[in-house]
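Student: The hints should help you fit chain B onto chain A, whose structure is shown.
There are 2 protein chains.
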Amino acid sequence: MSRTVRAAAERAAPSGEAATVAEAFAVALPVGRWSSDPAVVDGHRLDRSGWVPVGRPLGVAFARDVADVQAVLRVAETQQVTVTVRGAGTGLAGGAAAGAGTVVLDVSGLNRIRELSVDDALAVVEPGVITADLDAAARAAGLSYPPDPASAAISTIGGNIATNAGGLRCAKYGVTRESVLGLDVVLPSGEVIHTGRRTVKGVAGYDLTGLFVGSEGTLGVIVGATVRLRPLPRATVTLAAFFDTLPAAVDAVTALAAAGVVPAVAELLDARTVAAVNALTGGGDPAASEAVFLLVQTDGFGADAEADVAQAVLAEQARLVRRSSDAATAQALLEARRAALPALERLGRVLIEDIAVPRSRLAEAARRVTEIGAAAGVDIYTLAHVADGNLHPIIVVDPAEPEIPPRAWAAAEQIFALALELGGTVTGEHGVGVLKRRWLAAELDPATHDLQRRLRSTLDPAGTLTPGRAL
Amino acid sequence: MSRTVRAAAERAAPSGEAATVAEAFAVALPVGRWSSDPAVVDGHRLDRSGWVPVGRPLGVAFARDVADVQAVLRVAETQQVTVTVRGAGTGLAGGAAAGAGTVVLDVSGLNRIRELSVDDALAVVEPGVITADLDAAARAAGLSYPPDPASAAISTIGGNIATNAGGLRCAKYGVTRESVLGLDVVLPSGEVIHTGRRTVKGVAGYDLTGLFVGSEGTLGVIVGATVRLRPLPRATVTLAAFFDTLPAAVDAVTALAAAGVVPAVAELLDARTVAAVNALTGGGDPAASEAVFLLVQTDGFGADAEADVAQAVLAEQARLVRRSSDAATAQALLEARRAALPALERLGRVLIEDIAVPRSRLAEAARRVTEIGAAAGVDIYTLAHVADGNLHPIIVVDPAEPEIPPRAWAAAEQIFALALELGGTVTGEHGVGVLKRRWLAAELDPATHDLQRRLRSTLDPAGTLTPGRAL
Numbered sequence: 001m002s003r004t005v006r007a008a009a010e011r012a013a014p015s016g017e018a019a020t021v022a023e024a025f026a027v028a029l030p031v032g033r034w035s036s037d038p039a040v041v042d043g044h045r046l047d048r049s050g051w052v053p054v055g056r057p058l059g060v061a062f063a064r065d066v067a068d069v070q071a072v073l074r075v076a077e078t079q080q081v082t083v084t085v086r087g088a089g090t091g092l093a094g095g096a097a098a099g100a101g102t103v104v105l106d107v108s109g110l111n112r113i114r115e116l117s118v119d120d121a122l123a124v125v126e127p128g129v130i131t132a133d134l135d136a137a138a139r140a141a142g143l144s145y146p147p148d149p150a151s152a153a154i155s156t157i158g159g160n161i162a163t164n165a166g167g168l169r170c171a172k173y174g175v176t177r178e179s180v181l182g183l184d185v186v187l188p189s190g191e192v193i194h195t196g197r198r199t200v201k202g203v204a205g206y207d208l209t210g211l212f213v214g215s216e217g218t219l220g221v222i223v224g225a226t227v228r229l230r231p232l233p234r235a236t237v238t239l240a241a242f243f244d245t246l247p248a249a250v251d252a253v254t255a256l257a258a259a260g261v262v263p264a265v266a267e268l269l270d271a272r273t274v275a276a277v278n279a280l281t282g283g284g285d286p287a288a289s290e291a292v293f294l295l296v297q298t299d300g301f302g303a304d305a306e307a308d309v310a311q312a313v314l315a316e317q318a319r320l321v322r323r324s325s326d327a328a329t330a331q332a333l334l335e336a337r338r339a340a341l342p343a344l345e346r347l348g349r350v351l352i353e354d355i356a357v358p359r360s361r362l363a364e365a366a367r368r369v370t371e372i373g374a375a376a377g378v379d380i381y382t383l384a385h386v387a388d389g390n391l392h393p394i395i396v397v398d399p400a401e402p403e404i405p406p407r408a409w410a411a412a413e414q415i416f417a418l419a420l421e422l423g424g425t426v427t428g429e430h431g432v433g434v435l436k437r438r439w440l441a442a443e444l445d446p447a448t449h450d451l452q453r454r455l456r457s458t459l460d461p462a463g464t465l466t467p468g469r470a471l
Numbered sequence: 001m002s003r004t005v006r007a008a009a010e011r012a013a014p015s016g017e018a019a020t021v022a023e024a025f026a027v028a029l030p031v032g033r034w035s036s037d038p039a040v041v042d043g044h045r046l047d048r049s050g051w052v053p054v055g056r057p058l059g060v061a062f063a064r065d066v067a068d069v070q071a072v073l074r075v076a077e078t079q080q081v082t083v084t085v086r087g088a089g090t091g092l093a094g095g096a097a098a099g100a101g102t103v104v105l106d107v108s109g110l111n112r113i114r115e116l117s118v119d120d121a122l123a124v125v126e127p128g129v130i131t132a133d134l135d136a137a138a139r140a141a142g143l144s145y146p147p148d149p150a151s152a153a154i155s156t157i158g159g160n161i162a163t164n165a166g167g168l169r170c171a172k173y174g175v176t177r178e179s180v181l182g183l184d185v186v187l188p189s190g191e192v193i194h195t196g197r198r199t200v201k202g203v204a205g206y207d208l209t210g211l212f213v214g215s216e217g218t219l220g221v222i223v224g225a226t227v228r229l230r231p232l233p234r235a236t237v238t239l240a241a242f243f244d245t246l247p248a249a250v251d252a253v254t255a256l257a258a259a260g261v262v263p264a265v266a267e268l269l270d271a272r273t274v275a276a277v278n279a280l281t282g283g284g285d286p287a288a289s290e291a292v293f294l295l296v297q298t299d300g301f302g303a304d305a306e307a308d309v310a311q312a313v314l315a316e317q318a319r320l321v322r323r324s325s326d327a328a329t330a331q332a333l334l335e336a337r338r339a340a341l342p343a344l345e346r347l348g349r350v351l352i353e354d355i356a357v358p359r360s361r362l363a364e365a366a367r368r369v370t371e372i373g374a375a376a377g378v379d380i381y382t383l384a385h386v387a388d389g390n391l392h393p394i395i396v397v398d399p400a401e402p403e404i405p406p407r408a409w410a411a412a413e414q415i416f417a418l419a420l421e422l423g424g425t426v427t428g429e430h431g432v433g434v435l436k437r438r439w440l441a442a443e444l445d446p447a448t449h450d451l452q453r454r455l456r457s458t459l460d461p462a463g464t465l466t467p468g469r470a471l
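Taken in order, these protein sequences are the chains called A and B. Note that full-length UniProt numbering gives residue 141 to position 141 of the first sequence, counting from 1, and the numbers run on in steps of one. Note that full-length UniProt numbering gives residue 272 to position 272 of the second sequence, counting from 1, and the numbers run on in steps of one.
For the record, the hints were derived by calculation from the structure and aren't laboratory data. For each residue, glycine too, the CB sits at the ideal point set by N, CA and C. Incorrect hints may appear among the rest.
Unchecked claim - Now the in silico label distances, taken between C-beta atoms and shown as ranges:
1. Asp65/B - Arg346/A: 55 to 63 Å
2. Ala375/B - Asp119/A: 24 to 32 Å
3. Pro399/B - Leu232/A: 45 to 53 Å
4. Ala441/A - Leu420/B: 37 to 45 Å
5. Trp409/A - Ala441/B: 48 to 56 Å
6. Ala258/A - Ala287/B: 38 to 46 Å
7. Arg346/A - Ala327/B: 54 to 62 Å
8. Ala235/A - Gly142/B: 24 to 32 Å
9. Val31/A - Ala375/B: 54 to 62 Å
10. Thr329/B - Ala255/A: 27 to 35 Å
11. Ala255/A - Thr370/B: 48 to 56 Å
Just chain A, with the same shape it has in the complex (with noise of 0.2 Å):
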């Protein structure tokens, strides 16, 4: 152990316990692996949810390769310390936000793409690899890695895994949960497991794999990840169309299932939100003001034929549609897209939900979230990954004020119980988190949620990994 680690664990720990714990962690990993230094902790103890848990956990412990997380779920049983499991840090759920009491065990570190196989189309990746990373190195190989959360830029592929995260191009590419074949994890006692296959069918035992994912690092420590790579899409047209109200581009959408369009990306902004991204970018299509914005792409060997449906089909609601097969155009329209929630946090404070509905409430639902807005007095922004009904509605707080207000928490809860009043979930992507908790009880029946919390104890009797999250 080097003297500056040591001399951290020993600078956080005043405590003759807590420099023990702290000890036990910095002597079971390599040296420069673990810190205690509180101004280490505090740059890794958050996430982008913006909930602050009460006090400073006893350390950080930077994973560099599987026998360091074993070493920290080893110690931290024996020293009875709860570890909390972070990559990034850009969940929206406050799942890797850690308080008093516990260990951080930051697993950004392991970040190396093992394998990329173009034969077989898939690829072996540590939890550490930043997920447009992994799509960058799958196009550069004539393939593409589709799950796309807005975050993907920033965001790991095990915090995506962790979440089962969403993004642009679910309606067509499905969730990462169907582009995960199998799984490297490290069980709390610190034994490691390996889930799936190399093989896109199989069904030899239960499904391990579809239990991780989504499990919020609740239940085992992803040490290593088998995702499916698919052929890039031989063409991709997008389309740009601008509507007067946020029903009739709701009802748009389900016209375009209705003719049998299979969008890969169907996002939809509403004005307020159009607006704001406009005075970041200073662009804008000066046809479209004050229109809320619908973003189409069609891909594949039919993009064409596909997006010459879905335009005719847009048109009859739409404004203006404007249609464009060039990648910069395509690439400046996403960017759009991306930009809006930097633009909402210039702002204010935000407060992002995540709901998903059945997709033929989903007018309905977008209805009666902005007047939850208008009766509560909060302004409400929202933006639609729209074809999979998956609304996030953004709470934005004008930043004069002390802390997030008791009206911005009060709206929040009724868009919950909106969602659960029109056979939907209170997250469709961004996971349970802390922040959720009170309401999947709400959402789950309590025999569901009781085998919920059997399996958690099945695979996590001792409660050691992040505790108070996802359940």
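Tutor: Leaving out everything else, chain B in the frame of chain A:
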């Protein structure tokens, strides 16, 4: 309890204890939903694997609703007998084959399509619905249910879910798992839980849906399913390609993938299987005699453009490629593929294997299966869902042999070993059942196998459900 049922129960139960057990089930169920008549029991205790367990089950419960399933599981718990769940009995791995001491729970009577929503693109079905009937109902509404096991006309959706059935359209549309949004499940305790949701996205809680899909009746009894429907493809193009050798055909499929083609169907039949099919149907393309047959379909808006590319790629290796956009021709070719198993069953008793290997190892797998057959002196015919790497070597045994000879079993064992050696699985889509249990331990590492057992114990602590199967 009707006199007939009571009489049957008495006839089947010579010992006082068995009579008491049968009586308990008969009393707990509505009239006509229990039988221990040996003739009835014998008609409901085997599947299509050819495996015959020792002894006769205590009786058969013919469930018509969820309450019947609950009643059976509660009586089983009280009486300490096991329950073997059964749909249409078309399984190929012995999962539904039942012997002495168990009770058969037949859920084929739960056979209603409860809902078919065009707007939400989903159906809510009971487990006994025949898979092809669900697809037909979806098609009548302008949608489709893509999972298409070769048995679709005779197997149930519940059985498909229990084995995570694959079939002909997986390369593009995924296996059954990808089409199941949620499940209603009766746990061994008799409690009903609801997993998943009506939305495509949703990450509230662990993926219990995925855990039950493919669990082969060992974790709970599926009594309802919410399944995803997809738009009917705009167009379908069928290519029938004939090759001189199996490696040439496999190479052509690899070349399709490299060209970015994602076939909706890619079915391979070796030359001797083609000959058997032609002998059965009296058909066959004279230009294709003694050829390996590859059936490729493209579909969607780009069906024609994708078929153009596919046809050019196939033509590089094939003796002949025929193309059709005509639905009747496509249907006839698919029927020829579906006739393969009946055609082979005319030749003798069949052992149907079901390995999957990484795509890059498929040519080697096919070649070595042929070598295994030659060395063992057994006839092996090969079909493949070739784009998935899923190979069905079918061992055909002379019907004059009194039973399946040791050399046939030995060849099967060598095929399993081959699958694992090539990084594949001993079962791509049929399930472990009873026939592959020994090989499951070889495929899974001990820690993973142990976790599977612990999960099973968590869900079914008394070991009531389908004992001796799947694990």
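Student: May I ask which of the numbered hints given earlier this structure violates, with the numbers listed in increasing order?
Tutor: none
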